[in-house]
Amino acid sequence: MDSNEATTSESVSKKKGKTKKVKRKVKSDEAPVQEMEQAEGEETEKKSESGPCFPPTFSVSEIKNKQRRHSMFLKLKEEKRKQKLELKKKKKKERKALGDKAPPKEVPKTIENQRIYDETTVNPEDEEVAFDEGTDEFSAYFNRLTNPKVLITTSDRPRGRTVRFCEQLATVIPHAHVYYRRGLALKRVIPQCVSRGFTYLMVINEDRKVPNGLVLCHLPDGPTAHFKVSNVRLRKEMKRRGKDPTEHVPEVILNNFTTRLGHSIGRMFAALFPHDPQFVGRQVATFHNQRDFIFFRFHRYIFKNEKKVGIQELGPRFTLKLRSLQKGTFDSKFGEYEWVHKRHEMDSSRRKFHL
Amino acid sequence: MQHDDVIWDLIGNKSFCSYKVKTKTQQFCRNEYNITGLCNRSSCPLANSQYATVREEKGLCYLYMKVIERAAFPARMWEKVKLDRNYAKALEQIDENLIYWPRFIRHKCKQRLTKITQYLIRIRKLTLKRQRKLVPLSRKVERREKRREEKALIAAQLENAIEKELLDRLKQGTYGDIYNFPIHAFDKAMEKQEEETESEEEEEEDEEESGTREFVAEEEFEESDLSDFEDMNNLKGSSDEEEDAEEQSSEEEETEEELEEEKTKAKSKGKTPLKGPVRKKRAYVEIEYEQETEPAQKSKAT
Chain S
1 MDSNEATTSE
11 SVSKKKGKTK
21 KVKRKVKSDE
31 APVQEMEQAE
41 GEETEKKSES
51 GPCFPPTFSV
61 SEIKNKQRRH
71 SMFLKLKEEK
81 RKQKLELKKK
91 KKKERKALGD
101 KAPPKEVPKT
111 IENQRIYDET
121 TVNPEDEEVA
131 FDEGTDEFSA
141 YFNRLTNPKV
151 LITTSDRPRG
161 RTVRFCEQLA
171 TVIPHAHVYY
181 RRGLALKRVI
191 PQCVSRGFTY
201 LMVINEDRKV
211 PNGLVLCHLP
221 DGPTAHFKVS
231 NVRLRKEMKR
241 RGKDPTEHVP
251 EVILNNFTTR
261 LGHSIGRMFA
271 ALFPHDPQFV
281 GRQVATFHNQ
291 RDFIFFRFHR
301 YIFKNEKKVG
311 IQELGPRFTL
321 KLRSLQKGTF
331 DSKFGEYEWV
341 HKRHEMDSSR
351 RKFHL
Chain P
1 MQHDDVIWDL
11 IGNKSFCSYK
21 VKTKTQQFCR
31 NEYNITGLCN
41 RSSCPLANSQ
51 YATVREEKGL
61 CYLYMKVIER
71 AAFPARMWEK
81 VKLDRNYAKA
91 LEQIDENLIY
101 WPRFIRHKCK
111 QRLTKITQYL
121 IRIRKLTLKR
131 QRKLVPLSRK
141 VERREKRREE
151 KALIAAQLEN
161 AIEKELLDRL
171 KQGTYGDIYN
181 FPIHAFDKAM
191 EKQEEETESE
201 EEEEEDEEES
211 GTREFVAEEE
221 FEESDLSDFE
231 DMNNLKGSSD
241 EEEDAEEQSS
251 EEEETEEELE
261 EEKTKAKSKG
271 KTPLKGPVRK
281 KRAYVEIEYE
291 QETEPAQKSK
301 AT
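Each protein sequence line maps, in turn, to chains S and P. Here UniProt numbering is used: position 210 in the first sequence is 210, and no number is missing along the way. Here UniProt numbering is used: position 30 in the second sequence is 30, and no number is missing along the way.
Some clues are possibly wrong.
[Stated by the list, open to error] In silico BS3-like links for lysine-lysine, alpha-carbon gap of 27 Å or less:
(1) Lys-327(S) - Lys-22(P)
(2) Lys-307(S) - Lys-89(P)
(3) Lys-209(S) - Lys-151(P)
(4) Lys-133(P) - Lys-89(P)
(5) Lys-243(S) - Lys-308(S)
(6) Lys-80(P) - Lys-58(P)
(7) Lys-129(P) - Lys-164(P)
(8) Lys-151(P) - Lys-228(S)
(9) Lys-333(S) - Lys-66(P)
(10) Lys-110(P) - Lys-66(P)
(11) Lys-105(S) - Lys-164(P)
(12) Lys-82(S) - Lys-96(S)
[Stated by the list, open to error] Covered, in the sense of this in silico footprint (three residues per stretch, anywhere, with C-beta under 8 Å from a C-beta of chain P), are these stretches of chain S:
(13) 67–79
(14) 195–205
If you're looking for bench data, these hints aren't it; they were derived computationally from the structure. We put the CB at the ideal spot given by N, CA and C, even for glycine.
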């Protein structure tokens, strides 16, 4: 009887310790069954009275029974969480107690913090970069010699969504014209554009009725950038959007283009828009680079006072990811590529970004 | 001996032939020497001891002929004749080679040659045009990119970044004289005052009101400009400067809206003194007092 009692008491306690779901009525049946497991269970149970503590060699994954394993795991998690909370509380107390002498708060690690330093990061005072920019293809624009004129077209046979996207882009970018591509070869289109004074050629590639690629070609011998386009939202689909954009020239915001490559892409975007934004229109186009994704947004802003500005999104939004940058105009076969996204080399690290 | 009829009985109609492909309405023959591609008595290369075909290899057409004399030598059974590249000459060559052959085979050979030349021309034309390159997408990579994009979007905090940038530009003065907001120092001073004495609002309000009255008076001129802005639904009639003044005297910025509403109710363009509405804004409890006459009435009723 003693042994039975002992076993029953142990089994009860074991149940309490191990399973919440097993009903107590079954305990008498389980007692003989559990004799075999007691050998294992005893080790664990003897050392623990309150809460599941485990001997160092035991791991939750060794329990064969799924229900029990699950409940043990939950308990383990609970324990860990409690410990974490306690630690936090303790730290907070200490901090309070120390007052001014407390050590400075630790900054949490983010991907941006942990980003692998890129050697090509541009230093604002770098002379070499300044010299390069003075003589590159965009110098004509930045020296105010040319005004941008953009030709927007698509791949063959565009579907409705792409066509509407092109139209909306044309309203966002001043001096933009949309032309229907009638199966013309780009290599023949480009000289014609140059002769008509266009500075940019924008080709929106379409796949399965959705725009998915963008080729941006700076015309007089300029670089050609190929982007992957995703998350296109047309004006209809925007929540809380304002009225249509007006004809005023918008301002341009370029955020986070730090490396040399990023810098050249940033200049490419800047050269799309005319030099002098009309502040009366209060419109701003933003190209924000975050982790190699370039987010495009178009807003109308209003300054409520000096500390607050309200923005309202108009216009389409989309994200771009640079796939390749080619030196000359569009030539996929014989072009000289300045930068190509190679997945196996460049995507291996989560902390390395190129723009 | 070659018994074509026997062979046809064995493999042809409704029998099994390994080259035969049956569909609902028709039977096709997959034999590479078949001239029409259908499974017929006259088109079957196995059941006809005298047979000819035209086939194409790497852009060149060849005429294949089979005669009964060579039926015993399978290795040498098919005679291959290279046809001229010129279509008309090739037709003549066919005629010349199949001179006393049955009309059917001659006709079908020429038809086949025509078709082959047509598709060869088409291939050559298409290769000169732009060819669409299909790039396979790896599903895993696409999913990964999508997820990374979402995370990047969250990390970017676009609205905050844009607002910050715009405010920086305002401070730097890129907008010139378009917006006439009060000077930095004045604002900062007012903010400090606000932080220090949050509890003693009333007195502060009095003090600030006297200061802000001057402020309002100076800025009166600007209100007409501001009222021309679009999207000023929130700021109906009241001006930005009024909000400035109110902010300085208020604890939270959310109460701006209350103020605005009260302003609109009062239908003031912000030229009235601020005492009344500002006072109202604080925690406000309405207490109803029962009138003493009521219980008397009740007692009368009962």
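- prompt: Is Lys-80(P) close enough to Lys-58(P), meaning Cα to Cα at most 27 Å?
  reply: Distance of about 15 Å is within 27 Å: holds.
query: Do three or more residues from the region 67–79 of chain S put their C-beta atoms closer than 8 Å to C-beta atoms of chain P?
result: violated (count 0)
field: Given hint Lys-228(S) paired with Lys-151(P) - CA-CA distance at most 27 Å
entry: Answer holds: Lys-151(P) to Lys-228(S) is near 17 Å, not above 27 Å.
- prompt: Is the hinted pair Lys-110(P) and Lys-66(P) satisfied, with a Cα-Cα distance of at most 27 Å?
  reply: holds, 17 Å
query: Taken at face value, is the distance from the CA of Lys-22(P) to the CA of Lys-327(S) at most 27 Å?
result: violated, 57 Å
query: Between Lys-307(S) and Lys-89(P), is the straight-line Cα distance small enough, at 27 Å or below?
result: The given pair, whose Cα atoms are some 87 Å apart, is violated under the 27 Å limit.
Given pair status - Lys-308(S), Lys-243(S), alpha carbons within 27 Å: holds, 22 Å
task: Would you mind confirming whether the straight-line C-alpha gap from Lys-209(S) to Lys-151(P) stays at or under 27 Å?
output: holds, 26 Å
query: Are at least 3 residues of the region 195–205 of chain S within less than 8 Å of chain P when you compare beta carbons?
result: Violated, because only 0 residues of the region 195–205 of chain S bring their Cβ atoms closer than 8 Å to Cβ atoms of chain P.
- request: Take the C-alpha atoms of Lys-82(S) and Lys-96(S), compute the straight-line distance between them, and say whether it is at most 27 Å.
  value: holds, 21 Å
- request: Take a quick look at whether Lys-133(P) and Lys-89(P) sit within 27 Å of each other, Cα to Cα.
  value: Violated, at roughly 37 Å.
- prompt: Is Lys-333(S) close enough to Lys-66(P), meaning Cα to Cα at most 27 Å?
  reply: Outside the cut-off at roughly 47 Å; violated.
Checked against the numbered hints given earlier, the structure breaks hints 1, 2, 4, 7, 9, 13, 14 and satisfies all the rest.
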